[in-house]
Amino acid sequence: MSAKPLKILIADDNDSDRMILQAIVRKQGHVVVTAKDGVEAVEQFKATAPEIILLDALMPRMDGFEAARIIKQLAGEELVPIIFLTSLTDAESLAQCLDAGGDDFLSKPYNRVILEAKINAFNRMRIMHSTLQSQRDLIAENNDHLLQEQQVAKTVFDNVAHLGCLHAKNIKHLLSPLSVFNGDVLLACQKPSGGMHVLLGDFTGHGLPAAIGAMPIAEIFYGMTNKGFAMTDVLREINQKLKQILPVGFFCCACMIDMSFARGDVEVWIGGLPEAVIYKADGELIKIPSNHLPLGVLTASRFATETYRYEMSEGDRIFMWSDGIIEARNVDGDMFGEERLYKVYQDEKNPSHIFSNIKQQVHNFIGEGERDDDLTIVEVEMVAEDQLGIDADARLSKSALMGPVNWGLSYELRGETLKDFNPLPLLLHVIMEVPGLRLFSGQVYTILAELTSNALEHGVLKLDSNLKATSEGFAQYYALRAQRLSSLDDAWVRISIDHQPENLGGVMSIKIEDSGEGFDYSGFKETKMNKDRYSGRGIPLLASLCRRFEYMGAGNVVEAEFAWQPE
Amino acid sequence: MSITTSKSADGSVLTIRIQGRFDFSSHQEFRDSYENDESIKEYLIDMRETTYLDSSALGMLLLLRDFAGGDHANVSITNCNSDVKKILTISNFEQLFAIK
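Chains A and B are the protein sequences, given in the same order. Residue 1 is where the first sequence starts when you use my numbering, and the numbers rise one by one after that. Residue 568 is where the second sequence starts when you use my numbering, and the numbers rise one by one after that.
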């Protein structure tokens, strides 16, 4: 017997039967409401909301079957057990009670023990049903909440791992995540020099855990590409970051390409993804197999950045995909597989339809089959640079206006520091923060390297380039350099660099002074490169790379000006 | 900065790969990479991962060229980035090397 009394509706047109039943049920501790026919039963149900109903089958005005149908409809999702009271005993009539929505029947005359047991059993069922329902509602509510949170997080995620220039006219892509978040990451960014980086990554797992790893990838990818870093630098950085943050066993299979529209070639790095494919306009298919471990597996020192390089003509296309495409399963559990994939290339005669054809075939293949991985595929076509449909002005303003462009610094190397410290990487690091200047990092390096080594080797150490006339002399020169450096005392080299914006680019002024005695620089500009000499290329190089370049004072001061504009 | 070498199967082509900055600090390593092998007929300098070079690196390339037979030398420089290529061009190196 349940502790809490139940409200039980008894509907029976026979007054004595109703009274007997009412007495039995009351005695069991329940509250009773009564009705004399089906119409009253429905009204009482509406008015008093009983928990269990005992319903006579045959009644005037409205019989029990009809009343049961209406009550069940009114009760909706709530379980209100209806037990039919009947003197009928034939199977058909009893079945009719259940068909009408009844949950059980009780034959007259009533057995109070069975009646009590049935009321208790249906009460247990009612409670279980209501528990289930409230749990279901709670789960649904929590799920809504979770989805809502994920949507907000997704907005943040999309802002970080945005699609970059995936909308460019030469790119077709399909990103089909299994859940709100995608374990596959597809990024494309135009390089300041005009080429394009595209990266497809596939994290172990999918959904939120995988997506979290995608955020640093996107940050590094867009940040470094915008600053003009080479593909291998970007990959090295991403690998190091992932190695640092991902738990062991988690990594990112990836394929990255650096497409140059000006040179008409593509450089490909691929680690752990299914082979990428170049489809030439003439129908030739070049498969590019993975030759590296995925990103986030190897430590920085063991990470390898060998790439494949391919010539590409206009109309040639490169395809990359995650294994979700190849391992897509149909209803029977068969995989789409490489064979079906490559058959599309054989069968489809129009290259511009290949992408949509693959998409369609995979879609048809999966049919009603269950998806178990994110699906991603991208096609990048080699086109003329002006066909990309990307706003060139937006690109330039981005590269030229953000970041430090107007600054100066002075750096003096003295005594010990001059002996064993190479200031160039540090200086270059500072200089390359100028947006857009990274494109010229090689030239900037050469200028700085020439100027500082001249100041040190000729100014401070008084080494003579003529020593470099022979192979032995070349070695001797550097042996002497090391020797004189070690006995150096009180010497210094001062490097002053100043950068000012000019139009979309800038002017970098470099002044280098040294503690040496200087030299007679009259006529130094006439120095010509002599192909038979191993030295003497520094000055002509400087003269060619710099807008202004001259020695001053005693010859221990030199000034150079490097002017640059984005291409 | 590191220099690695590999030889073709028949031992006639030596590929010298230069990673990072190519400047005076690598002159000994660079010389060692080719000087001890007289059987090489063809040299391939792979600059795929060479970030910068200065004039002493140009001198070192010329040393290799002379070692390999001067005007009869068969030395190619491959996979240069655009900056490296510019330095080589300013110095008219395409007249002395096959730059690919």
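Keep in mind that the hints were calculated from the coordinates and are not lab data. C-beta atoms are modelled at their ideal positions from N, C-alpha and C, and glycine is treated no differently. Please note that the accuracy of each hint is not assured.
[Claimed, not checked] Which stretches of chain B does chain A cover? Using the computed rule of at least three CB atoms under 8 Å from a CB of chain A, they are:
1. 583–594
2. 605–614
[Said to hold, decoys possible] Pairs of lysine-lysine, DSS-like flavour, derived with a Cα cap of 25 Å:
3. B:LYS667 with A:LYS287
4. A:LYS108 with A:LYS36
5. B:LYS667 with A:LYS511
6. A:LYS280 with A:LYS241
7. A:LYS419 with A:LYS462
8. A:LYS359 with A:LYS287
9. A:LYS72 with A:LYS36
10. B:LYS667 with A:LYS280
11. A:LYS108 with A:LYS27
Which of the stated hints cannot be reconciled with the structure, identified by number in ascending sequence? 2, 5, 6
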